[in-house]
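Student: If you want the building blocks of each chain, they are given just below.
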Amino acid sequence: MSSSLQALWTSWYVHDVLVALLVLWGAWTGVRMRRSDYWRRAFAEVARRRMAAVSFWIVAGYAAVAVLDSVGWHPVLRDGQGGILRATDGRVVRDARGVTALDWVLTPIRTAREKTYSAPLAGRQFTTEFVRHADGTLAREYPPLRHPGRHLLGTDKVGEDVLYQALKGVRTGIILGVVTTLLIIPFAIVFGVVAGYFGGWVDDVIQYVYTVIASIPSVLLIVAFMILFGRGLPQLCIIMGITSWTSLCRVLRGETLKLREMEFVQSAEAMSVPRRRIIARHIVPNVMHLVVITMVLGFSGRVLSEAALTYIGIGVGADTYSWGRMINDARLELARDPVIAWKLGAAFAFMLGLVLPANILGDAVRDALDPKLRTR
Amino acid sequence: MLTYLLRRVLYAIPILIGVNLVTFALFFLINTPDGMARSILGDKRVDQAMIDQWKAERGYHLPRIWNGDAQGTARLTETIFWKKCMPLFAMEFGRSDLDNHDVGEAIAARIGPSLNITLPMFLISLVVNVVLAMLVAFHRGTYIDLAGLVLCVLLMSISVLFYIIGGQFVFAKVLHLFPISGYDAGWGSLKFVLMPIVIGFLSSLGGNVRYDRTVFLEEINKDYVRTARAKGLPERAVLFRHALKNAMIPILTSVVVTIPFLIMGNLLLENFFAIPGLGSYVIDAIQKQDFAVVRAMVYLGSVLYIGGLLLVDVSYTLVDPRVRLG
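Protein chains in written order, with the working numbering: chain A, 468 to 843; chain B, -10 to 315.
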């Protein structure tokens, strides 16, 4: 039973349902926000800036790639002639690892493996090899590729398409940026608002906890966590959540302290509205803009950290595609002669392509939601 | 002022205790000594006897918090917490899990090279960032300001790995200005540390200048600045003599807040340029899975951070008379 449960969990089907729920929830939140006057005005403010609007669509494009790469299925395995493989009991054999929708779209470059390095759009291999000609002579030359001209960004040492790897890295970056925030928001809101609203010893305890965590340099806390619990995307999300939780919690506590003294909260208290409802109806909606600001501004930092952490060997595991892993794999390629720059270049370019728009969008969102923090 | 400083120092003590408890919980409660032994000895082909031996050799065989078998105070002292975590308060870091070297000695030997990079980088960036930010703020609303802002966002969006890999490639391999990596004692280290300093400085430039500029703009819109202008002071005097002093408070705070990132940058910088400092010590410990070293470094890092915050408090009293009197 437990093994079949585990099989269900590791299969794509459960995963697909979760992703669908998450996307639906995101869409529903978006629709609900559009109904609120405050958020609609903020959206309009962001959309009015052309750079921010362009950035939004770029980030959305990355997110779409990440969603495509998060749904998948187990394709039926076929033999050489195209017939369906069957086990001895007649059941259809399926690929255990599965392919994602992105894999399926990218099939032409995913399956086009070369032997080793090839330059972008090259027709021949980048390195020389002994080739036996038809007349039996042996010559050292650049052998033709199996799939000439198909690799837009070339192939790496083991002959895997670089564009494919860079696109697969999108999901890791987006997950770190988004899921981490979703993990911490409930905790930060509950603890921050409770500390600010109730004050007293509750406030003291919560303040003490987040001061202690914030006193440990986040890098070292991440290092300790990852070395204890092993490399991997889930672990990375959790520990990045723990380290960024403190700043959001502090901000929310401060804002709640201010809100608590406002007339609308005071009057709700005078009318003996239950405290839980005051928090839910009057305080939390009024701190949500800070949550969104922190979420958007923290996004790019996490994408950048992932690369650095994976580089020093504590980021995502070796079976996860990520830009950090690409950089780590290609770390010595600039020291070669002739220089091989396309894998490093692709990883950095894809990272910049996400982080730069995310930063621009973050600034616009902050300016729209909190005019006091305006940078210009 | 003395009572103020004393209060700040006393406030740091419970935080240090908390940090120690967090590292204890992380390394010995959430993860167990058995788990540590297993991950070092390998999951397969390892029996309980080997794990017990590994733990006994390193003193991890004791109970974690309370030793029920012992007598008197030994119930408290013959525990992992007492033996491994209490000495940290006295800055005794114990020994490595792998080759039994003294962690405290290693830290003492490695702190010099680290400071050789960190201190110049810190000072250069503090001065240059403030000057650049004032320059941009001085020209606010013009194309210089806009160009500066765009450049800052661009610099912020580039991975630190790019600065390091690209810098090493351009300065060392193409231009042959510096050696690619290495370290030497005394003044010989100059040619080795120069490139990491410059690269570390560049990688933090964008974010810092942008933040400092925001602080300046906030100050510039305050009443005392308007008064100074109304007196007929030149804009330069207003910025340098009036706004700078007041802007230094949030800027100093932001500088200390970036210390963790400075350490992070150092991990990468020291690793890339083969500098035998604390950063490369951590990376070595990560690669060898030396838990004792990582635990010691987590605690040391927090002590440095808390110490930095104390220094900021001291510097507040120098810049802001209100704090001195309060």
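Watch out, some of these pointers could steer you wrong.
[As the list claims (entries may be wrong)] Distance windows between CB atoms, simulated: (1) His165(B) - Gly549(A): 28 to 34 Å; (2) Thr242(B) - Phe654(A): 22 to 28 Å; (3) Lys277(B) - Ser478(A): 19 to 25 Å; (4) Thr131(B) - Ala527(A): 51 to 57 Å; (5) Asp837(A) - Gly24(B): 42 to 48 Å; (6) Gly31(B) - Val498(A): 25 to 31 Å; (7) Arg53(B) - Ala531(A): 53 to 59 Å; (8) Asp837(A) - Thr242(B): 18 to 24 Å; (9) Ala601(A) - Ser28(B): 51 to 57 Å; (10) Asp273(B) - Ala601(A): 50 to 56 Å.
Source of the hints: derived by calculation from the structure; they are not laboratory data. Think of the CB as a built atom: it goes at the ideal place given N, C-alpha and C, for glycine as much as any other residue.
Student: So does Thr131(B) sit 51 to 57 Å from Ala527(A), Cβ to Cβ?
Tutor: violated, 33 Å
Student: Please test the hint of 53 to 59 Å on the beta carbon pair from Arg53(B) and Ala531(A).
Tutor: violated, 49 Å
Student: Kindly confirm whether 50 to 56 Å is satisfied by the beta carbon distance between Asp273(B) and Ala601(A).
Tutor: Holds: the Cβ-Cβ distance is about 54 Å, inside 50 to 56 Å.
Student: Given a hint of 28 to 34 Å, does the C-beta separation of His165(B) and Gly549(A) actually sit inside it?
Tutor: Given a distance of about 58 Å, which is not inside 28 to 34 Å, the answer is violated.
Student: Would you say the C-beta atoms of Lys277(B) and Ser478(A) sit inside 19 to 25 Å of each other?
Tutor: violated, 37 Å
Student: Could you see if the CB distance from Asp837(A) to Gly24(B) stays within 42 to 48 Å?
Tutor: Since Asp837(A) and Gly24(B) have Cβ atoms about 44 Å apart, the given range 42 to 48 Å holds.
Student: Given the hint of 22 to 28 Å, is the C-beta distance from Thr242(B) to Phe654(A) inside that range or not?
Tutor: For Phe654(A) against Thr242(B), whose Cβ atoms are near 25 Å apart, the range 22 to 28 Å holds.
Student: Assuming the hint says 25 to 31 Å, is it satisfied by the Cβ distance from Gly31(B) to Val498(A) or not?
Tutor: 52 Å Cβ-Cβ, so the 25 to 31 Å window is violated.
Student: If I claimed the Cβ atoms of Ala601(A) and Ser28(B) lie 51 to 57 Å apart, would that claim hold in this structure?
Tutor: holds, 55 Å
Student: Quick one: are Asp837(A) and Thr242(B) within 18 to 24 Å, going by C-beta?
Tutor: At roughly 20 Å between Cβ atoms, Thr242(B) and Asp837(A) fall inside 18 to 24 Å, so the hint holds.
Violation of the numbered hints given earlier is confined to hints 1, 3, 4, 6, 7; the remaining hints are satisfied by the structure.
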